[in-house]
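Enquirer: Hey, can you work out the whole structure from these sequences and the hints?
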Amino acid sequence: MKKILSKMKIITRERILTISMLLGAAAAVLFGSFTVFAKECEEMPHKLFRLHILANSDSEEDQRLKYELRDYLLSDMEEIFKDCRSAEEAKEAARKNLAMITEKSQQFVSGKGYDYNITASVENIYFTTRNYGSFVAPAGNYDALRLLIGEGEGHNWWCVMFPPLCLGAVEDKTDNDGELFLCKPESHLNSGLSEEESKRIEQNDSPVQIRFALFEWLSSLW
1 MKKILSKMKI
11 ITRERILTIS
21 MLLGAAAAVL
31 FGSFTVFAKE
41 CEEMPHKLFR
51 LHILANSDSE
61 EDQRLKYELR
71 DYLLSDMEEI
81 FKDCRSAEEA
91 KEAARKNLAM
101 ITEKSQQFVS
111 GKGYDYNITA
121 SVENIYFTTR
131 NYGSFVAPAG
141 NYDALRLLIG
151 EGEGHNWWCV
161 MFPPLCLGAV
171 EDKTDNDGEL
181 FLCKPESHLN
191 SGLSEEESKR
201 IEQNDSPVQI
211 RFALFEWLSS
221 LW
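First residue of the sequence shown: 1, per my numbering; consecutive thereafter.
By construction, these hints were calculated from the structure, which means they are not laboratory data.
Here a beta-carbon is modelled for each residue, glycine too, at the ideal position from N, C-alpha and C.
Keep in mind that a hint or two might mislead.
Label pairs and their calculated CB-CB ranges [stated by the list, open to error]:
#1 58 - 119: 17 to 25 Å
#2 113 - 83: 29 to 37 Å
#3 92 - 61: 29 to 37 Å
#4 82 - 128: 28 to 36 Å
#5 85 - 64: 33 to 41 Å
#6 71 - 151: 20 to 28 Å
Expert: Structure below.
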């Protein structure tokens, strides 16, 4: 009986050791995969340039004005960004044309009968992970062209100016919680994004969403 019990203990220890080794190997693979994913998430904000518009308030009238200004800007600014080949070039183009963008936006708003001041700037802004439709953008600090209408206390709207995911979107009135994303399949071309990175931000499957959420949570602890 003692011999049997001794053999059983040995077998049990061997099984525990085997299971531990397998779990350790799986954890190493998963951690390695997540490390690569986290690195991609950290690099992504440097490859995107956003447009961020804040309404004066959440009144129906002010929200409508925000979308009208959005449509006007998207149709007007395509010329400014059409030759940009990187997020840095897009940021510089926005800075060089900031006075013109401000003036045109002010004229548009005034022409609608509002006395709101328009404040335009290029800033580095923190965005949480956003997931609308097929577009996923990881949390991080992104450079953005930011326009405040009046007090800028209403719901915001944003999209990606580079790569040009929202330019040419004037005809599409689709809105999801104040935000619009239009992705072009070829948007990774000449954009500084690899095809894999382009697929990453256009994926909407659960594992990717979980990893983005995990990355955001871990980032908040650092």
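Enquirer: All the hints need checking, so say for each whether the structure fits it.
Expert: Verification of the hints:
no.: 1; hint: 58 - 119: 17 to 25 Å; result: holds (18 Å)
no.: 2; hint: 113 - 83: 29 to 37 Å; result: holds (35 Å)
no.: 3; hint: 92 - 61: 29 to 37 Å; result: holds (35 Å)
no.: 4; hint: 82 - 128: 28 to 36 Å; result: holds (30 Å)
no.: 5; hint: 85 - 64: 33 to 41 Å; result: holds (35 Å)
no.: 6; hint: 71 - 151: 20 to 28 Å; result: holds (22 Å)
When the structure is compared with the earlier hints, no violation turns up for any of them.
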